[in-house]
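Spelled out from the first residue to the last, the chains are:
2 protein chains.
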Amino acid sequence: MTMQHDYVTCTSFAENEQHGVQSQEKILISNGHPGKPWQPARSKIRGCLRRVQTAMLSLAGLEWYCYAALGVLTALMSFCMDLTIAKLLRAHQWLYGCLEGNILLQFLCWTLYPTCLCALSTSFSHSICPQSAGSGLPEIRTILSGVHLPDYLSLSNLFAKLIGLISTLSAGSTVFLGKVGPFVHLSNMLGAYLYRLYATACGDKQIRSQGEMLVVASAVGVASCFGAPISGVLFSIEVMGSHYSIRDYCPCFFAAVCGSLTYRLLSVFSREQETVQAVFKTRFPSELPYQPPEILIFAFLGLLCGAISCVYLYSHRWILRFVRTNKFISRVMATEKTLYSATVAFLLASVTFPHTGGFFIASQLSMKQLITSLLDSTRWNLISHNVTVAQEAPHSLWQEWSPPGYSVFYTLGCFILIKLWLLVLACTLPLPAGYFMPVFIYGAALGRLLGEGLAYLFPDGISSGERLSVINPGGYALVGAAAFAGAVTHTLSPALCALELTGQSTHVIPILTATLISNALARSRHQPSFYDGISLIKRLPHLPSLIRACPKLSSIQIRQFVVPVGAVLQRAEGVTGVQHVLNSSKENEFPVVDTHDSFTLLGTVTRAQLQTFLLSNQSQDLCKSLEDECSIQPVKLQLSTDATVKQAHCIMSVLREQCVFVTEMGKLHGVITWKEMKNMIEDLAKEI
Amino acid sequence: MTMQHDYVTCTSFAENEQHGVQSQEKILISNGHPGKPWQPARSKIRGCLRRVQTAMLSLAGLEWYCYAALGVLTALMSFCMDLTIAKLLRAHQWLYGCLEGNILLQFLCWTLYPTCLCALSTSFSHSICPQSAGSGLPEIRTILSGVHLPDYLSLSNLFAKLIGLISTLSAGSTVFLGKVGPFVHLSNMLGAYLYRLYATACGDKQIRSQGEMLVVASAVGVASCFGAPISGVLFSIEVMGSHYSIRDYCPCFFAAVCGSLTYRLLSVFSREQETVQAVFKTRFPSELPYQPPEILIFAFLGLLCGAISCVYLYSHRWILRFVRTNKFISRVMATEKTLYSATVAFLLASVTFPHTGGFFIASQLSMKQLITSLLDSTRWNLISHNVTVAQEAPHSLWQEWSPPGYSVFYTLGCFILIKLWLLVLACTLPLPAGYFMPVFIYGAALGRLLGEGLAYLFPDGISSGERLSVINPGGYALVGAAAFAGAVTHTLSPALCALELTGQSTHVIPILTATLISNALARSRHQPSFYDGISLIKRLPHLPSLIRACPKLSSIQIRQFVVPVGAVLQRAEGVTGVQHVLNSSKENEFPVVDTHDSFTLLGTVTRAQLQTFLLSNQSQDLCKSLEDECSIQPVKLQLSTDATVKQAHCIMSVLREQCVFVTEMGKLHGVITWKEMKNMIEDLAKEI
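Residue numbers (the working numbering), protein chains in the order written: chain A, 1 to 688; chain B, 1 to 688.
Quick caveat, the hints were computed from the structure, so don't treat them as lab data. Note that this is a predicted model, so its numbers are computed, not measured. Even glycine gets a Cβ: it sits at the ideal position worked out from N, Cα and C. A couple of the hints might just be wrong.
Below, computed lysine-lysine pairings styled on BS3-like, alpha-carbon distance capped at 25 Å [stated by the list, open to error]:
no.: 1; chain 1: A; residue 1: Lys205; chain 2: B; residue 2: Lys552
no.: 2; chain 1: B; residue 1: Lys368; chain 2: B; residue 2: Lys538
no.: 3; chain 1: B; residue 1: Lys281; chain 2: A; residue 2: Lys281
no.: 4; chain 1: B; residue 1: Lys686; chain 2: B; residue 2: Lys675
no.: 5; chain 1: A; residue 1: Lys624; chain 2: A; residue 2: Lys586
no.: 6; chain 1: A; residue 1: Lys552; chain 2: A; residue 2: Lys538
no.: 7; chain 1: A; residue 1: Lys552; chain 2: A; residue 2: Lys678
no.: 8; chain 1: B; residue 1: Lys368; chain 2: B; residue 2: Lys87
no.: 9; chain 1: A; residue 1: Lys667; chain 2: B; residue 2: Lys281
no.: 10; chain 1: B; residue 1: Lys675; chain 2: B; residue 2: Lys552
no.: 11; chain 1: B; residue 1: Lys44; chain 2: B; residue 2: Lys327
no.: 12; chain 1: A; residue 1: Lys552; chain 2: B; residue 2: Lys205
Coverage of chain A stretches by chain B, computed from C-beta distances (three or more under 8 Å per stretch; other residues unrestricted) [as the list claims (entries may be wrong)]:
no.: 13; region: 243 to 251
no.: 14; region: 255 to 262
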């Protein structure tokens with residue numbers, strides 16, 4: 001039951017399976033120590049285990065079990081995290097409720113709780129692994145493009161990010177940050193760890209590379225975060241870089257389904273839900289969800305979201321640059337990160353205190369409640385004016401949006417005006433946090449405002465043809481959420497994410513239309529996306545974002561960056577030469593040229609081959625040349641110095657080459673490994 | 001409002017836009033003839049048009065208008081086709097109804113109508129363009145992988161395929177063939193035509209290649225066929241080959257949304273539907289669509305579909321080979337295609353005649369009615385036993401499945417047993433036809449049978465926890481349809497297609513689970529997919545399907561296939577040599593080597609450069625060498641003879657290179673263009 005389209009690997013699948021079985025067997029057999037008790041029982045169990053193992057590996061290759069494990073573990077992590085955060089949020093609400101009547105104590109409770117949590121998150125993550133701060137997505141994109149970033153996939157980072165993220169999210173809607181980005185980073189760290197296990201079990205003959213595992217992990221991250229497998233896969237396709245290998249398509253889907261199935265089953269077992277359902281299930285009317293003319297209004301909403309996303313992205317880049325360049329703040333950030341976090345969190349909490357500004361922006365609602373309330377299909381403005389209905393209805397979430405004496409339009413307007421700047425400020429916090437969910441909610445509020453406005457203008461609904469249908473502001477909120485999130489991240493997967501989160505596909509066409517339009521506006525004039533902006537400001541060696549920001553870089557040739565090869569052997573090299581090269585260089589592979597004068601590249605030899613050559617010649621005391629004893633491995637692919645950096649990057653990342661030789665008219669000119677590529681990209685970044 | 005991630009092109013977008021504007025302007029200006037009347041009015045209109053054009057091209061590049069046009073035109077074509085087919089089918093039904101009472105006449109009407117239509121389809125398509133027969137998808141995949149197949153994208157083929165497909169589909173469920181495959185082919189032909197227009201308008205500086213337009217057209221084909229944009233895009237990702245360029249992602253979505261929006265709006269305007277809705281809208285209960293334990297049964301259904309798909313694929317390959325190898329049939333097929341089609345159609349119609357075998361397989365239902373009835377959420381077996389309910393209910397589609405005196409299980413069982421062989425037979429018909437929809441319906445019947453069986457076993461439903469929920473056989477039918485179609489085509493996009501067709505995403509997890517499992521079973525042991533099978537039997541030069549069928553081919557090196565370069569110039573070549581090379585070869589680009597002895601590759605010169613060189617030397621009578629006058633363009637990428645065919649194919653298709661030089665130790669050894677690549681793949685195919 002192997003599921004594969006292995007068009008790129010050379011090893012046949014059957015061979016590899018067999019190899020996997022054998023290597024696993026060896027591990028098991030070597031565990032049998034002769035001196036231990038119950039030998040017969042133990043050998044029976046060993047036999048059983050071996051049979052199970054053989055049966056499992058004959059069903060599918062080891063990598064498929066790794067994908068399944070990745071999905072299940074990530075979902076478990078996501079679920080436990082959600083549970084912990086929910087408990088911490090409830091504790092805060094309970095404490096705040098207990099202090100009813102004493103405004104000062106309530107203020108302290110409201111502000112100090114998130115302040116402490118943010119301080120904890122910052123200090124914890126920075127003391128264990130400073131790389132765990134931020135979303136992590138720009139770094140993951142860089143790693144996926146082929147560049148090695150040390151420490152970003154370590155287990156200590158996983159631990160720091162997990163605890164830090166729980167603290168951040170427990171601070172609730174006050175700091176207004178999300179889960180998706182860091183969660184994709186978490187699942188990548190888990191994927192990298194599982195890959196190390198897989199590589200150990202398979203030895204040299206593994207058929208999957210780490211890059212493939214990380215692409216799968218990106219899909220799993222999104223899928224396990226919301227139980228949304230399809231948008232997870234689309235996300236991994238979009239985020240991957242310039243080319244997506246179809247070989248990763250089935251593994252992505254498989255792992256994403258494992259993850260989201262586990263996530264949803266866990267919520268069934270915990271009695272949160274009756275069956276496997278969407279996370280933010282909506283109840284939009286399915287018979288006549290909207291009238292055809294409304295598509296034009298949805299398109300306008302897309303345009304609006306695109307325009308506001310430009311404002312947001314500009315402010316975001318500005319504040320990131322300000323924090324880095326302002327002397328006072330950058331000094332505080334360098335030495336007192338915790339203090340900075342605490343101060344900003346306190347500021348944010350003070351503004352959103354329910355007895356002051358928070359009264360107008362529904363600040364008592366948690367992130368989940370914000371989405372649920374905004375996607376509600378009832379028309380708030382109509383209900384709030386209809387006093388009988390409002391009084392009869394039990395206390396529901398939308399009433400937070402309509403405090404006594406204030407219209408829904410007022411609160412939604414305040415939310416949109418205030419939250420944008422609060423969010424921009426929150427983005428500077430140096431702690432593990434995601435920025436997708438806040439943007440999604442903000443977009444939902446934008447859409448909701450438009451929807452409520454339309455419902456106010458057309459209280460009886462819109463008619464086209466025979467039937468009349470009332471306006472559903474929840475639909476507008478959903479479309480706005482997808483369009484705004486899509487515009488900010490320059491992706492289309494939020495459209496699918498919106499569909500999968502709500503479990504209804506009535507609005508598929510409006511959502512896609514609005515997301516495309518908002519994307520078109522946001523991408524115009526080479527404006528960088530949210531992640532591109534972070535990549536550029538953090539100076540990450542991510543070529544695609546550099547080229548999107550400055551398209552003229554795509555024509556720069558590798559000529560000026562190529563580093564000459566350090567150690568080169570010639571065809572007729574003797575023992576002394578080889579000895580010298582081995583001592584002077586730590587590389588594992590050495591290029592062989594015709595002669596040191598002609599410098600025509602013939603191929604490569606490995607360090608092991610050279611060592612064997614030295615050994616055999618020391619013992620025999622014969623003076624053979626390199627060519628006689630070592631088989632020179634020919635170089636399959638050569639670039640000329642006229643190739644552009646972009647072409648070199650594309651070839652190396654698509655073909656997953658670790659090293660490419662650069663020749664000019666047959667002569668060896670230099671070599672590009674990922675280390676050199678990283679330097680090249682960093683040099684290019686300076687030219688912007 | 002440019003929507004782009006142009007990571008691969010070198011030209012900046014803004015430059016190109018400007019170029020587009022200028023070239024368009026020139027065309028308009030040149031239309032002004034001085035001798036014609038109403039000069040002022042005409043020049044005003046011209047000015048207006050120019051301003052509109054400039055405004056449009058400043059909004060987005062010309063290619064985006066091409067994508068939109070592609071989507072809209074394909075959707076229009078799809079809608080008109082559906083309308084014509086519906087009318088022709090209704091005419092047949094009306095005639096058949098009029099002859100009620102006279103079985104002989106009814107038999108003649110039932111059999112001769114599809115026989116004539118199939119004969120018409122065959123003779124029409126073969127007389128205009130023989131390449132229009134069949135699905136066309138295997139050929140499109142081959143073209144997308146880079147190989148040029150003449151006549152497959154011509155306008156005459158478009159015309160032949162369109163008329164042929166309408167005739168085939170008007171024969172109805174008797175011949176049991178579908179629309180998707182040929183429709184993707186149709187949209188590709190339209191895409192190729194629009195690309196030619198685009199290339200003419202842009203001149204040399206177009207930034208999109210034909211390959212990109214065809215990828216977009218593949219997405220549009222599926223999207224316009226059902227109004228399902230997301231599965232269209234996923235289909236184009238899967239079908240493309242080994243690597244999907246993210247640059248095509250936004251265009252694919254944009255065109256697919258244009259197509260499906262147009263398709264759905266057209267059905268609103270024609271008053272088929274009230275608003276933009278799914279084509280086969282279901283009404284599954286959304287509160288508790290299924291109990292968690294049912295996921296195991298869905299997984300079993302996936303396994304069942306996978307197993308039966310293997311039987312189907314084996315029979316399909318067998319019959320295709322039989323038709324090609326059997327002397328009698330192959331002679332008939334070579335000379336009397338129309339006769340063969342008519343005979344097979346008559347045979348199929350005789351078996352499905354409602355007064356004989358058709359009575360047990362609901363043969364009176366059309367393809368659309370078959371899907372709608374199978375996806376119905378009521379439990380047929382329960383209703384058919386409950387006489388009062390059955391009599392009270394108006395005549396509905398499910399009653400066709402439960403003829404008086406026979407149980408639903410009997411008819412579903414007969415359908416599954418008989419239709420498989422009828423479908424295998426219908427696949428040999430040499431006319432334009434798709435094979436996706438029949439497979440989808442067959443899978444739905446499989447799922448329905450399992451669902452009805454479960455509903456019979458658990459009449460009160462399944463309980464887990466507090467609430468009891470009745471079995472929904474429609475859900476099983478949907479899952480079965482996606483799983484079987486996915487297994488037959490070795491793709492996952494049918495899962496999404498099922499969701500988009502029904503407009504409900506309650507069953508997303510079961511559908512994905514079952515499709516993954518059925519795919520896993522169908523892909524085991526390197527069995528070729530439906531399309532791979534056709535590619536192999538038709539000996540199409542499609543490398544991925546060859547390698548999937550025979551993985552050891554992936555390690556074959558290009559060494560044995562490389563063709564030496566015909567005309568080579570040396571650096572110091574004089575006038576005579578250049579003259580000789582120009583006369584002896586028709587190439588546009590010539591490699592330049594150091595000397596004819598060393599053969600070290602230096603770069604290339606174009607035919608135009610050589611002609612200039614000749615001209616200047618003839619007039620001046622000086623004997624300059626090539627090197628002095630022509631700038632030798634260096635070769636950016638070289639392969640060695642040790643690279644595998646697969647690697648060469650991958651590099652050429654990913655980087656969209658038209659020509660790659662093969663060197664060995666710096667010496668020019670040969671050249672690979674797509675022509676040579678095609679020959680290589682054909683040579684490889686002989687080795688299977």
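Inset, instruction - Assess, step by step, whether the Cα of A:Lys552 is no farther than 25 Å from the Cα of A:Lys538, and give holds or violated. - result: Since the Cα atoms of A:Lys552 and A:Lys538 sit roughly 21 Å apart, the hinted pair holds (cutoff 25 Å).
Inset, instruction - Quickly compare the C-alpha distance for B:Lys368 and B:Lys538 to 25 Å and report which way the hint goes. - result: Roughly 31 Å separates the two Cα atoms, so the pair is violated.
Legend entry - A:Lys667 paired with B:Lys281 [C-alpha distance capped at 25 Å]: violated (66 Å)
Inset, instruction - For the pair supplied as a hint, A:Lys624 and A:Lys586, confirm whether the alpha-carbon distance does not exceed 25 Å. - result: Holds, at roughly 24 Å.
Legend entry - Hint consistency between A:Lys552 and B:Lys205 [alpha-carbon to alpha-carbon, up to 25 Å]: Measuring from Cα to Cα gives roughly 16 Å; hence the hint holds.
Legend entry - Straight-line alpha-carbon gap A:Lys552 to A:Lys678, limit 25 Å: The given pair, whose Cα atoms are some 19 Å apart, holds under the 25 Å limit.
Legend entry - Annotated coverage of the region 243 to 251 of chain A by chain B, confirmed only when three residues or more have a Cβ within 8 Å: Result for this restraint: holds, n = 7.
Legend entry - Given pair status - B:Lys552, A:Lys205, alpha carbons within 25 Å: Between A:Lys205 and B:Lys552 the Cα gap is close to 16 Å, so the pair holds against 25 Å.
Legend entry - Pair hint outcome, B:Lys675 versus B:Lys552 [Cα-Cα no greater than 25 Å]: holds (23 Å)
Legend entry - Pair hint outcome, B:Lys281 versus A:Lys281 [Cα-Cα no greater than 25 Å]: Holds - the C-alpha atoms of A:Lys281 and B:Lys281 are around 19 Å apart, at most 25 Å.
Legend entry - Coverage criterion applied to the region 255 to 262 of chain A (partner chain B; beta-carbon cut 8 Å; 3 residues): Since 3 is at least three, the answer is holds.
Inset, instruction - For the pair supplied as a hint, B:Lys368 and B:Lys87, confirm whether the alpha-carbon distance does not exceed 25 Å. - result: Answer holds: B:Lys368 to B:Lys87 is near 14 Å, not above 25 Å.
Consistency note: the structure conflicts with the earlier hints numbered 2, 9, 11.
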